[in-house]
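Next come the chains, spelled out residue by residue.
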Amino acid sequence: MAAPTTTPAHPAARAASKRRLSRRTAGGVGPIGLGVATLWLSLIVLAPLAAITIKSFENGLGGFVDAIDAPAARAALLVTLGVSLAVALINVVLGTLIAWVLVRDDFRGKSLVNALIDLPFALPTIVASIVLLSLYGPQSPFDIQLNATRPGLVVALLFVTLPFVVRSVQPVLIELDREVEQAAASLGASNLTIFRKIVLPTLAPAVLGGAGLAFTRAIGEYGSVVLIGGGIPKETEVASQYIQKQIEIDRFVNAAAVSVTLLLIAFVVLFTLRTLGGRAARREEHAG
Amino acid sequence: MILTRRTTLSLRVVALTYLGILVALPIVLIFFRTFEDGFGAFWDQITTPAAISALSLSLLIVAIVVPINVVFGIVTALALVRGRFRGRGVVQAIVDLPFAVSPIVVGASLILLWGSGGYFGFLESTGFKVIFALPGMILATIFVTLPFVVREVEPVLHEIGEEQEQAAATLGASRWQTFWRVTLPAIRWGLTYGVVLTVARSLGEFGAVIMVSAGISGESQTLTLLVHSRYIDDHNTFGAYSASTLLMVLALITLLAMTVLDQKRTKDV
Chain A
1 MAAPTTTPAH PAARAASKRR LSRRTAGGVG PIGLGVATLW LSLIVLAPLA AITIKSFENG
61 LGGFVDAIDA PAARAALLVT LGVSLAVALI NVVLGTLIAW VLVRDDFRGK SLVNALIDLP
121 FALPTIVASI VLLSLYGPQS PFDIQLNATR PGLVVALLFV TLPFVVRSVQ PVLIELDREV
181 EQAAASLGAS NLTIFRKIVL PTLAPAVLGG AGLAFTRAIG EYGSVVLIGG GIPKETEVAS
241 QYIQKQIEID RFVNAAAVSV TLLLIAFVVL FTLRTLGGRA ARREEHAG
Chain B
1 MILTRRTTLS LRVVALTYLG ILVALPIVLI FFRTFEDGFG AFWDQITTPA AISALSLSLL
61 IVAIVVPINV VFGIVTALAL VRGRFRGRGV VQAIVDLPFA VSPIVVGASL ILLWGSGGYF
121 GFLESTGFKV IFALPGMILA TIFVTLPFVV REVEPVLHEI GEEQEQAAAT LGASRWQTFW
181 RVTLPAIRWG LTYGVVLTVA RSLGEFGAVI MVSAGISGES QTLTLLVHSR YIDDHNTFGA
241 YSASTLLMVL ALITLLAMTV LDQKRTKDV
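Line by line, the protein sequences are chains A and B. Counted from 1, the first sequence has number 145 at position 145 by this note's numbering; the numbering is strictly sequential. Counted from 1, the second sequence has number 198 at position 198 by this note's numbering; the numbering is strictly sequential.
Source of the hints: derived by calculation from the structure; they are not laboratory data. Careful: at least some of the hints might be erroneous.
Just some of the chain A residues that point at chain B, by a computed CB distance under 8 Å [as the list claims (entries may be wrong)]:
(1) LEU49
(2) ALA51
(3) LEU85
(4) SER134
(5) ALA185
(6) LEU187
(7) PHE195
(8) GLY223
(9) GLN244
We put the beta carbon where it would ideally sit given N, CA and C, even for glycine.
Put together the whole structure using the sequences plus the hints.
What follows is the structure in structure tokens.
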């Protein structure tokens, strides 16, 4: 322990002495550091978000509702939510499957495939757009045309959200105790039962967490969908494209209202996930 | 679960086919399209004046954003780990906020705050132009990259604890000496990892930057904006492919650096 003079036996007393010590040691940044950090975060992150929130309510709550209820805005939000939901669901199934193959299967070039998963995070989104257009756009070598269609949006979003579910399920699968599965199998449980009763409950929080992150990423995505989506109003125009257009024609309140709606949806999803995740962790603690 | 050979194989085929169609095939195709007329054609496209100016602007933004993020990132991480204050949970949430905000919303927010009609718009009348100029692009990039350094340095600070720093202080080291000789060497790999992520995201950011850039070719275009304008405005598909390939090579270097650093980091701890 760090306290050299006394050796308090009580943990609370020990914590208190540690607190006293740390306040005067050199490691911390002190109140000035804390002030600098707070100011920095406020100026860079909070001030712009506060500005857009205030702007969105410039004409009152009624103005806010009118702005997101305008036909084009509502269509853009619905397209965004629908496409993002589809993307999250596909990720739940295929992301889990890929994680499973990467953990339980063994084949040549597996490490290469594993590295491939991270590529969509490293690749700039506009490059993702160009890459997908080369295969599914006007110059497609297989004559597959997804340009300016909703399936095109889904493909682009699947590309950029690929790592979320895979990378959140993978570590849980590695930790999963295979002896339990073997015990269940020796007691005559079928694979389906084992999957439903043992594997799925353990994986569920990780799958949900990954899917939630994929969903929040998808609703705000711009770069990867801007070229392949085409941005046809009420068809393939997503919320981010709508916001960008409204800013361009100086309809700031419209842009701000849709932006704040996107932020709210993202917060609700992330907050729900965090609460669910916390509850699952607590349950595990009680069980253990 | 004991799966039959057939089930295992079919799962493998499904996973590899999906990854092949979604990721591998398009990327191979881009490389093929870029180099089908030889390396010279590619080289010509990425050395046009507009391309060189775009690359320099991208690198300039990186060169400004990285040191700022390093300094404020370390201060924030230290405050979060070593400081004991009320509302730490709130500060933690604010640090993660940029991950949950759409790049377009970042750009729109900056315009509404710093733009000529915005709440800090009075700055523009003093001659300091933020939006549709370099400062706006830098603010946008800092916003989206803010969590990286903090989030990579924070766990390392937790890990190393305070004992060594306290020992240094007991031996009469000043705050600065302790920081430079004890804290900084301990967090160096975490910090480097955070910097690599920051560089990659800065080079690749598109949505937030296009909102606040004047978008003039050869002047206020970054590499990602060049890709977009070549494809959309110039209908120069090959030029867009070439610039994309350049960005892709930079991304692959990042991935490689991350893998190497990850091994170093886990070995060190």
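Quick rundown of the hints versus the structure:
Hint on LEU49/A holds. Least Cβ distance to chain B is approximately 6 Å, under the 8 Å limit. With its C-beta approaching chain B no nearer than about 4 Å, ALA51/A sits inside the 8 Å limit, and its interface hint holds. Hint on LEU85/A is violated. Least Cβ distance to chain B is approximately 17 Å, over the 8 Å limit. About 5 Å separates the beta-carbon of SER134/A from the nearest beta-carbon of chain B, less than 8 Å, and the hint is met.
Taking 8 Å as the C-beta cut-off, the interface hint given for ALA185/A holds, the closest approach to chain B being about 6 Å. Because the closest C-beta pair between LEU187/A and chain B is about 13 Å apart, greater than 8 Å, the hint is violated. A least Cβ separation of about 6 Å between PHE195/A and chain B falls short of the 8 Å threshold, and the interface hint therefore holds. The beta carbon of GLY223/A comes within 4 Å of a beta carbon in chain B, closer than 8 Å, and the hint placing it at the interface holds.
Here the hint on GLN244/A is kept, as its CB sits about 5 Å from the closest CB of chain B, short of 8 Å.
In this structure, the earlier hints numbered 3 and 6 are contradicted, and the remaining ones agree with it.
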